[in-house]
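Number of protein chains: 2
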Amino acid sequence: MSERVYCGQLTEQAIGTKVTLNGWVQRRRDLGGLIFIDLRDRSGLVQIVFDPEGSTEAFATAEKIRSEYVVEVKGEVVARDANVVNEKIATGHIEIRVESIYILNGSKTPPFAITNEAEVSEEVRLKYRYLDLRRPVMQETFKLRHNINKAFRRFLEDREFYEIETPILNKSTPEGARDYLVPSRVHPGEFYALPQSPQIFKQLLMVGGMEKYYQIVRCFRDEDLRADRQPEFTQLDIEVSFFEREAFLAMMEEMMVEVVDQVRGEKVAPSFPRLTYAEAMARYGSDKPDTRFGMELLDISATVKDSGFKVFASTVETGGQVKALNVKGQAAHYSRKNIDELTEFTQRYGAKGLAWLKIEAGELKGPIAKFFDETAASAIKAATEATDGDLLLFVADKPKVVADSLGALRSKLGKDLGLIDESQLNFLWVTDFPLLAWDEDEERYVAEHHPFTMPKAEDIEKLKTDPGSVRAEAYDLVLNGYEIGGGSQRIHKREFQEQMFQLLGFSQEAAEEQFGFLMEALEYGAPPHGGAAFGVDRIVMILAGVSNLRETIAFPKTANASCLMTQAPSPVDTKQLEELSLAVTYQEEVL
Amino acid sequence: MSERVYCGQLTEQAIGTKVTLNGWVQRRRDLGGLIFIDLRDRSGLVQIVFDPEGSTEAFATAEKIRSEYVVEVKGEVVARDANVVNEKIATGHIEIRVESIYILNGSKTPPFAITNEAEVSEEVRLKYRYLDLRRPVMQETFKLRHNINKAFRRFLEDREFYEIETPILNKSTPEGARDYLVPSRVHPGEFYALPQSPQIFKQLLMVGGMEKYYQIVRCFRDEDLRADRQPEFTQLDIEVSFFEREAFLAMMEEMMVEVVDQVRGEKVAPSFPRLTYAEAMARYGSDKPDTRFGMELLDISATVKDSGFKVFASTVETGGQVKALNVKGQAAHYSRKNIDELTEFTQRYGAKGLAWLKIEAGELKGPIAKFFDETAASAIKAATEATDGDLLLFVADKPKVVADSLGALRSKLGKDLGLIDESQLNFLWVTDFPLLAWDEDEERYVAEHHPFTMPKAEDIEKLKTDPGSVRAEAYDLVLNGYEIGGGSQRIHKREFQEQMFQLLGFSQEAAEEQFGFLMEALEYGAPPHGGAAFGVDRIVMILAGVSNLRETIAFPKTANASCLMTQAPSPVDTKQLEELSLAVTYQEEVL
Chain A
1 MSERVYCGQL
11 TEQAIGTKVT
21 LNGWVQRRRD
31 LGGLIFIDLR
41 DRSGLVQIVF
51 DPEGSTEAFA
61 TAEKIRSEYV
71 VEVKGEVVAR
81 DANVVNEKIA
91 TGHIEIRVES
101 IYILNGSKTP
111 PFAITNEAEV
121 SEEVRLKYRY
131 LDLRRPVMQE
141 TFKLRHNINK
151 AFRRFLEDRE
161 FYEIETPILN
171 KSTPEGARDY
181 LVPSRVHPGE
191 FYALPQSPQI
201 FKQLLMVGGM
211 EKYYQIVRCF
221 RDEDLRADRQ
231 PEFTQLDIEV
241 SFFEREAFLA
251 MMEEMMVEVV
261 DQVRGEKVAP
271 SFPRLTYAEA
281 MARYGSDKPD
291 TRFGMELLDI
301 SATVKDSGFK
311 VFASTVETGG
321 QVKALNVKGQ
331 AAHYSRKNID
341 ELTEFTQRYG
351 AKGLAWLKIE
361 AGELKGPIAK
371 FFDETAASAI
381 KAATEATDGD
391 LLLFVADKPK
401 VVADSLGALR
411 SKLGKDLGLI
421 DESQLNFLWV
431 TDFPLLAWDE
441 DEERYVAEHH
451 PFTMPKAEDI
461 EKLKTDPGSV
471 RAEAYDLVLN
481 GYEIGGGSQR
491 IHKREFQEQM
501 FQLLGFSQEA
511 AEEQFGFLME
521 ALEYGAPPHG
531 GAAFGVDRIV
541 MILAGVSNLR
551 ETIAFPKTAN
561 ASCLMTQAPS
571 PVDTKQLEEL
581 SLAVTYQEEV
591 L
Chain B
1 MSERVYCGQL
11 TEQAIGTKVT
21 LNGWVQRRRD
31 LGGLIFIDLR
41 DRSGLVQIVF
51 DPEGSTEAFA
61 TAEKIRSEYV
71 VEVKGEVVAR
81 DANVVNEKIA
91 TGHIEIRVES
101 IYILNGSKTP
111 PFAITNEAEV
121 SEEVRLKYRY
131 LDLRRPVMQE
141 TFKLRHNINK
151 AFRRFLEDRE
161 FYEIETPILN
171 KSTPEGARDY
181 LVPSRVHPGE
191 FYALPQSPQI
201 FKQLLMVGGM
211 EKYYQIVRCF
221 RDEDLRADRQ
231 PEFTQLDIEV
241 SFFEREAFLA
251 MMEEMMVEVV
261 DQVRGEKVAP
271 SFPRLTYAEA
281 MARYGSDKPD
291 TRFGMELLDI
301 SATVKDSGFK
311 VFASTVETGG
321 QVKALNVKGQ
331 AAHYSRKNID
341 ELTEFTQRYG
351 AKGLAWLKIE
361 AGELKGPIAK
371 FFDETAASAI
381 KAATEATDGD
391 LLLFVADKPK
401 VVADSLGALR
411 SKLGKDLGLI
421 DESQLNFLWV
431 TDFPLLAWDE
441 DEERYVAEHH
451 PFTMPKAEDI
461 EKLKTDPGSV
471 RAEAYDLVLN
481 GYEIGGGSQR
491 IHKREFQEQM
501 FQLLGFSQEA
511 AEEQFGFLME
521 ALEYGAPPHG
531 GAAFGVDRIV
541 MILAGVSNLR
551 ETIAFPKTAN
561 ASCLMTQAPS
571 PVDTKQLEEL
581 SLAVTYQEEV
591 L
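Chains as they are written, first to last, in full-length UniProt numbering: chain A, 1 to 591; chain B, 1 to 591.
Do not rely on the hints blindly, as some may be mistaken.
Copies of the same chain are indistinguishable here, so a pair counts whether it falls within one copy or spans any two.
Think about it this way: if two alpha-carbon atoms lie no more than 16 Å apart in a straight line, the pair counts; the simulated EDC-like pairs of lysine to aspartate or glutamate are [as the list claims (entries may be wrong)]:
hint: 1; residue 1: 400; residue 2: 279
hint: 2; residue 1: 64; residue 2: 30
hint: 3; residue 1: 575; residue 2: 175
hint: 4; residue 1: 108; residue 2: 520
hint: 5; residue 1: 493; residue 2: 520
hint: 6; residue 1: 456; residue 2: 246
hint: 7; residue 1: 143; residue 2: 158
hint: 8; residue 1: 305; residue 2: 317
hint: 9; residue 1: 64; residue 2: 51
hint: 10; residue 1: 288; residue 2: 448
hint: 11; residue 1: 127; residue 2: 513
hint: 12; residue 1: 143; residue 2: 157
hint: 13; residue 1: 108; residue 2: 523
hint: 14; residue 1: 288; residue 2: 432
hint: 15; residue 1: 143; residue 2: 160
hint: 16; residue 1: 365; residue 2: 390
hint: 17; residue 1: 108; residue 2: 495
hint: 18; residue 1: 74; residue 2: 57
hint: 19; residue 1: 127; residue 2: 520
hint: 20; residue 1: 143; residue 2: 551
Read the hints as simulated data drawn from the structure, not as lab findings.
Here chain A stands alone, though its shape is the one from the complex (with noise of 0.2 Å):
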C-alpha cells in the first residue's frame, strides 16, 4: 500500500497526480450538470468534481452520496479555474477530478453539522461524542493535546528523566479529596482506592535511587464537581532527587517555554516572576492571580484609621483592612445599579458591603463622599493615584474576606472591562506558600500541599510555637490566572515527618497504620528531594484558547460525573455484587 494521501494538504505542487483519498463527505452540490464534493478529513477539506462526460459510474454513485458518507476516491488533481478558486481553504486552487468512487459506509442524517458554528447543546455534543469529534476545531484541540504531551515527554527525557509507571489500585488515605474506593473480590471487605496523585509512590521511587521520574498520569477525586473539575483527570508528574530548588524552577520554566514554542511558536521569555504568597494575597487578593492586567488591590488601612469615616476606621482599628480597587476611567459607566450588583457579587465572598467614591474635577463624589475632609480626600487621592473619572471601590473587613472578594471582584471587572491581553501567556511563580491551614470544622491543622512538604528552614523553630505562619518550601506555577501546578521539597527525614504526622492531628497509631512504610523507607538512606505536578488538562484548556475542561477530553464527564454516550455509572448484576460480598443500602423511594 503506498503512503496515505490527505486531502488537506494537497497543493497546486499535486497537479497532474493520481492520488487516492479516503474522508467524509462534507457538503454535496448538484450544479450545472456536475457534482461537487468537499471530501474531509483529518488534514481538512479537498473538493472532488463528477462529471457525467467522465465515469458514469462514479457520477451514478455520486447521486447517491450524502453528507458523512465514508468515501475512498481515486482521480486526478486539476487547477480550479480561476473565477472558481476558493482562497477560505488551504486546497482551494485545485480540485479533484474523479475518476472512480467506492461508499466504505454510509451514514444517517447526522443530529448537528459537522462544522465549528454548528449550534447544538453541550448535551448532544457529548451523548453523540464519536460525531462531535470530527469538527476540525475538536481535531485541532487533540492534536494540540498530543503535541503537548510529546513535547513534556520529549524535553524531560532528553535530561534522562526516566518514565516510570505507578499503581492505580491504590491504599485509601482519608487525609485530602474523597477517594474512589475499589472493592477487592479476593479479600472480602476490603478495597483499593484509586490515586488523587502518585506522590508516595514518586517519592519511594526517589528513596528507590531512580533519581528522575516522570510520568503523565491518570488521577482521580470524588468531589462535588465544578465547572473546571472532573473525576478523572491527567498530571504531568515529575520528581527529581539531589536538586537544588533553583536548579528544578529554572528546569520547569525552561520546559514551559520549550512547550509554548513547540505548540504555539511563541517565545515566552524565562525566567518567570516570583511572587510569595503574602505578596500575591497582599497585592491581588488570590494565590493565582492574573497578571496580564493591574488594578491591584491597594491597602489604604493606614490612610483611613483616623479618617471620619466610622465603618473604615472601626475595621482598622479592630485588626481589619481597609483595601481598594482604582477602576480607572469608568466612574461614568457605573450607575448605582450597576454598583449595588458588584456589592452582590462581593457579597458572596463575604463581604458585608462594598464602599465607593468617584472622582470628578478632583473631588471626592458618592455617598461616602462626605466623611472625608479634603487632607483625607487627598490622602485617598494619593494612596490609589485616583484622577477624574475613576472608580474607586472599597471593601473594609478581616484580611480573608477583603482578599478574596476584592480578588474575585478584580477579576471579573479584568474580564467585564476587557482589561486582558488574550495575546499574553502571563506565567508566575507563587512561593512560600503556608506549610498548614487551619480548618474551622474540624479544628485541627491540615496540610496546604500535603503532609510530605518540607517547612522553610528559617520557620522550622515555629513549628512548635506557632505552626500556622510557618511557610513551606513549596511553589505553584501560576497562568493567566489559573492554578497549573505545584511542587514543593519533600521531607526525607522520619523524625520530621512524624512531626508534620502530630501537627495534623494524627495519633501515632494512626500515622503508623497509614503512612508506616513511607516513614520506614525514610530510614533507609532516602535522598533529599523534591518535584512538581501539573494538571494537563487545564494547560491544554488555556493553550487551545476554551472555557472548559471538557473540551480537552475525549470522553468527559458531565458536572454529575456522568457519560452521556456510554451511560456509565450504571446498575450491575447481583451476582457481581455478591462475588464482592458487597449490599447495595440505598432503597429507591417509591413515589
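Take the given structure of chain A and dock chain B to it, following the hints.
This is chain B only, laid out in the frame that chain A set:
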C-alpha cells in the same frame, strides 16, 4: 547549579577535574590507614578515598559512614595506581580524592544487601520495594522499560499517530473477564468499571475521525492471578482507519524492529514469519509457539490407523489423532521413571496417556513396540524421521487434547533439554484465528478475540450455517513463545455488529442496553478501521530477560492481588461506605 555529574560515568578523561557527587554508600573499607567508599548512583559505582593527611574533617565524617548512607562528596578525580586498577567496573581506572563530604541522610542496616546477588525472598523484596529498586539489575530493568516506551512513542509519533487518552471510569460490560467495579457516590447503587482495554473508545475515536490513535494505557482484570498476570497491566493500544491489513502488519513489524534496535542495538529481520492458527496448532500444539527450536508435532494418524496397535487405530477411527514428538538422541537419557513423569505432565493437559518408543539398532523398543510389524515400524520411523537413539513420544486423543498436551510437552522438553537458543528473538504472526469459541459451561459461542472483530470475507456466508468454522480477520504477535499482542479488523457496519451479538446469545434488548451507543455510532459514517494492542509488561519481561512480570513493574501486586508494601487493599471507614450507600455482607468466621 552546575550540571549533575554521575558516579558511573567518570572516566580517565576526567582526571584532574573537581567533581561533586551524590549517591549511596555501597560499602566502606578501612585499609592501611585510609578509608575507601564505593559510592553508587543510578549510573554505577565510583571509589572515594579518604586520607587522614587530607581533610581531617572529611576523614572523621567517613568514619561514621555506613552502607546506604546518602552523601554529597566533593573531590578531585585522580588516576588509580596501576596495581589497584579494577577492571570489573567502568570507573576502575580512577578514584576520587575527597575534599569534603556531607551526610545527607543516614540509614539503618537494610534487610538485604543492595546487590544483584542478594539472597532474599520475593516477599521481603516486595515489602521493601524501595530498597529492591536500588539494586543495579532493577535500575537496568526500569531504564529498559522507559526506553521501550520511548521507542514505541517516537515510532508512532513520527507516523502522525495522536496520543489520545480514554476514560478509566467506564461502564461495566459483562462480556469478557471480570471487571473491577467503582461504586458511584453521586448515583447510589450504580457503578463504574475499570477498563479491560479501551477497545470501544478507540473504535469511537475512529468514528470520530481521529484516523491514527495510540495510547500506552493501564488496563484491569479481576482474575484469579497466575504467575504471569497482574490485576493492572499496561497496554500499547493502537487503532487506524483506512488502513489495509498488510500495510498495518508491515508497520507493526517495522515498529518492533525499531524498538529492539533502539533498546538492544540488535537488528531483527523484518517480514516476520506467519502461521495460520490451524497450522500453529497442527505443528506446535499452541497458538503461541516458541519457534526458537524445532521438535514439531508429527501427525502419524494416517501411518498408524491400520496398525496392530488398537489404541492408535481406534482413536483415528473415531475422529481422533495420533501425534508424535521425536526427541532426537535422547532415548538413553530417559528412564521409565523419567517417562512416567512426562506421562503425568501430559495428563494435566487432559491426555489419557503417553505412549513411547525408542529406536535402537534400527528397531522400535518399548512396551508398545510389539504391536507394530516391520512395515508399520518402518512407516513410523519414516514419518518421524527417527534414527538410532531417538525417543518417540505419542499422544492419541481428540485433536484439542493432542495439541494441548503435546504442545505443553514440547515446550517443557525444549526448556529441559536446552534446545532453546536464548539469544534469539523469534517474532511470529499467527493469523486466521477462529471468530468464535464454544463455551461448554454457558452453552453458547463466545468471541475468541472480542465481539467487535470482523469475520474473514470469504467465511461470512458460513456465519449462518457453521459459525464455529468462521475465521476472523484477527492475528496475534508471538515472541519466543509468548503472545505479546494481537489485533484485528473491526466491524464497522451496524448489521454485522447486531448479527455478531445475536451469535453470542445476546437478546436484542441486552445488546441495545450494553452496546447501543456503539451500534448507533456505526450508523453515522464509521470508517473501516482496525488496530492492535501489545502487552508492554510482557515485552519488557522478554527484552529484559527476566521470567516474571513482577520484575517489570515498579510496585506490583502479589498473586492474591495485594501490595506487600502499602498493605492495599485494606478496610475503609464506615463513613466512606455510608457515602457510597454500600454495606459489606461478608462476616469473618469466628474461630
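Each hint tested on the structure:
Taking identical chains as interchangeable, the C-alpha atoms of residue 400 and residue 279 lie at most 16 Å apart only when both belong to the same chain, with a minimum of 13 Å there against 76 Å between chains. When the C-alpha separation of residue 64 and residue 30 is checked against a cutoff of 16 Å, the pair qualifies only within one copy, where the shortest distance is 12 Å, while the shortest distance between copies is 89 Å. Proximity of residue 575 to residue 175 under the C-alpha cut-off of 16 Å is restricted to the inter-copy arrangement: shortest distance 14 Å between copies versus 33 Å within a copy. For a Cα distance limit of 16 Å, the shortest separation of residue 108 from residue 520 across copies, 10 Å, qualifies, whereas the shortest one inside one copy, 62 Å, does not.
In this assembly of identical chains, residue 493 and residue 520 lie within 16 Å of each other by CA distance solely inside one copy; the values are 10 Å within and 57 Å between copies. For a Cα distance limit of 16 Å, the shortest separation of residue 456 from residue 246 inside one copy, 14 Å, qualifies, whereas the shortest one across copies, 61 Å, does not. Taking CA atoms no more than 16 Å apart as the test, residue 143 paired with residue 158 passes between copies only; the shortest distance there is 14 Å, against 22 Å inside one copy. Taking CA atoms no more than 16 Å apart as the test, residue 305 paired with residue 317 passes inside one copy only; the shortest distance there is 7 Å, against 110 Å between copies.
Proximity of residue 64 and residue 51 under a CA criterion of 16 Å is satisfied intra-copy only: 15 Å inside one chain copy versus 90 Å between copies. Proximity of residue 288 to residue 448 under the C-alpha cut-off of 16 Å is restricted to the intra-copy arrangement: shortest distance 15 Å within a copy versus 53 Å between copies. For the homomeric pair residue 127 and residue 513, the shortest alpha-carbon distance between copies (15 Å) is at most 16 Å, but the shortest distance inside one copy (44 Å) is not. In the homo-oligomer, the alpha carbons of residue 143 and residue 157 lie at most 16 Å apart only across protomers (11 Å), although the nearest pairing inside one protomer, at 21 Å, exceeds that limit.
For the identical chains of this complex, residue 108 and residue 523 are inter-copy neighbours only, at 6 Å across copies versus 65 Å inside a copy, given an alpha-carbon limit of 16 Å. With identical chains, the CA atoms of residue 288 and residue 432 are at most 16 Å apart within one copy only, with a shortest distance of 13 Å there and 58 Å across copies. Taking CA atoms no more than 16 Å apart as the test, residue 143 paired with residue 160 passes between copies only; the shortest distance there is 10 Å, against 26 Å inside one copy. With identical chains, the CA atoms of residue 365 and residue 390 are at most 16 Å apart within one copy only, with a shortest distance of 11 Å there and 112 Å across copies.
In the homo-oligomer, the alpha carbons of residue 108 and residue 495 lie at most 16 Å apart only across protomers (14 Å), although the nearest pairing inside one protomer, at 67 Å, exceeds that limit. For the identical chains of this complex, residue 74 and residue 57 are intra-copy neighbours only, at 13 Å inside a copy versus 81 Å across copies, given an alpha-carbon limit of 16 Å. With identical chains, the CA atoms of residue 127 and residue 520 are at most 16 Å apart between copies only, with a shortest distance of 11 Å across copies and 49 Å within one. Taking the closest pair of Cα atoms, residue 143 and residue 551 come within 16 Å of each other only inside a single copy of the chain (13 Å); across copies the shortest separation is 35 Å, beyond that limit.
In summary, this structure violates none of the numbered hints.
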